[in-house]
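S.K.: Sequence:
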Amino acid sequence: MPVYDYLCNDCGPFTDMRPMAECDDPQDCPRCEMESPRVILTAPAFFCMPTDKRKAHATNERSKHAPKTLDQYKAAHGPGCGCCGTGSRKKPGRLVTKSKSGAVGFPTARPWMISH
1 MPVYDYLCND CGPFTDMRPM AECDDPQDCP RCEMESPRVI LTAPAFFCMP
51 TDKRKAHATN ERSKHAPKTL DQYKAAHGPG CGCCGTGSRK KPGRLVTKSK
101 SGAVGFPTAR PWMISH
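Quick note on numbering: the sequence shown equals residues 1 to 116 in my numbering.
Be careful, since some hints might not be right.
To be verified - Below, computed lysine-lysine pairings styled on DSBU-like, alpha-carbon distance capped at 35 Å:
| hint | residue 1 | residue 2 |
| --- | --- | --- |
| 1 | Lys-74 | Lys-55 |
| 2 | Lys-68 | Lys-55 |
| 3 | Lys-53 | Lys-74 |
| 4 | Lys-68 | Lys-53 |
Claimed, not checked - Derived DEER-like restraints, expressed as beta-carbon distance ranges:
| hint | residue 1 | residue 2 | range |
| --- | --- | --- | --- |
| 5 | Pro-13 | Thr-51 | 26 to 32 Å |
| 6 | Leu-70 | Pro-37 | 43 to 49 Å |
| 7 | Ser-101 | Lys-68 | 51 to 57 Å |
| 8 | Tyr-73 | Pro-19 | 17 to 23 Å |
| 9 | Ala-75 | Gly-12 | 44 to 50 Å |
| 10 | Ala-21 | Thr-51 | 30 to 36 Å |
| 11 | Met-34 | Thr-69 | 47 to 53 Å |
| 12 | Tyr-73 | Arg-31 | 22 to 28 Å |
| 13 | Thr-97 | Tyr-73 | 38 to 44 Å |
| 14 | Leu-70 | Pro-19 | 42 to 48 Å |
| 15 | Leu-41 | Lys-68 | 30 to 36 Å |
| 16 | Thr-15 | Lys-53 | 43 to 49 Å |
These aren't lab readings, by the way, just hints derived from the structure by calculation.
Here a beta-carbon is modelled for each residue, glycine too, at the ideal position from N, C-alpha and C.
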């Protein structure tokens, strides 16, 4: 069950765990037992969320109000940036050598290893 914030006019803010179906219903204050409306006092807690989802939420929030123009995007992602694959530079291919017998070797990777 989620935790919701409520604000009592006499005692101040308090939190309570309620079913989602009752999220908009007022809650009785635990001190004075007066009916108190639900309020939003804190931001949602994303600390339990995986990093990739948290970054995606941050990106969506940033772009929701002011999306980047194409010029701004290109300025942030110059040629060969490597993050989105749109750069003009490509990763060089791996150097492979073949002997007369057909054995394959990778001389730049680990010269001490024997090829299979």
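S.K.: State for each hint whether it applies.
M.R.: Cross-check of the supplied hints:
| no. | hint | result |
| --- | --- | --- |
| 1 | Lys-74 to Lys-55 | 20 Å, holds |
| 2 | Lys-68 to Lys-55 | 17 Å, holds |
| 3 | Lys-53 to Lys-74 | 24 Å, holds |
| 4 | Lys-68 to Lys-53 | 20 Å, holds |
| 5 | Pro-13 to Thr-51: 26 to 32 Å | 31 Å, holds |
| 6 | Leu-70 to Pro-37: 43 to 49 Å | 45 Å, holds |
| 7 | Ser-101 to Lys-68: 51 to 57 Å | 55 Å, holds |
| 8 | Tyr-73 to Pro-19: 17 to 23 Å | 43 Å, violated |
| 9 | Ala-75 to Gly-12: 44 to 50 Å | 48 Å, holds |
| 10 | Ala-21 to Thr-51: 30 to 36 Å | 32 Å, holds |
| 11 | Met-34 to Thr-69: 47 to 53 Å | 52 Å, holds |
| 12 | Tyr-73 to Arg-31: 22 to 28 Å | 53 Å, violated |
| 13 | Thr-97 to Tyr-73: 38 to 44 Å | 41 Å, holds |
| 14 | Leu-70 to Pro-19: 42 to 48 Å | 46 Å, holds |
| 15 | Leu-41 to Lys-68: 30 to 36 Å | 32 Å, holds |
| 16 | Thr-15 to Lys-53: 43 to 49 Å | 24 Å, violated |
In this structure, the hints that do not hold are numbers 8, 12 and 16, in rising order.
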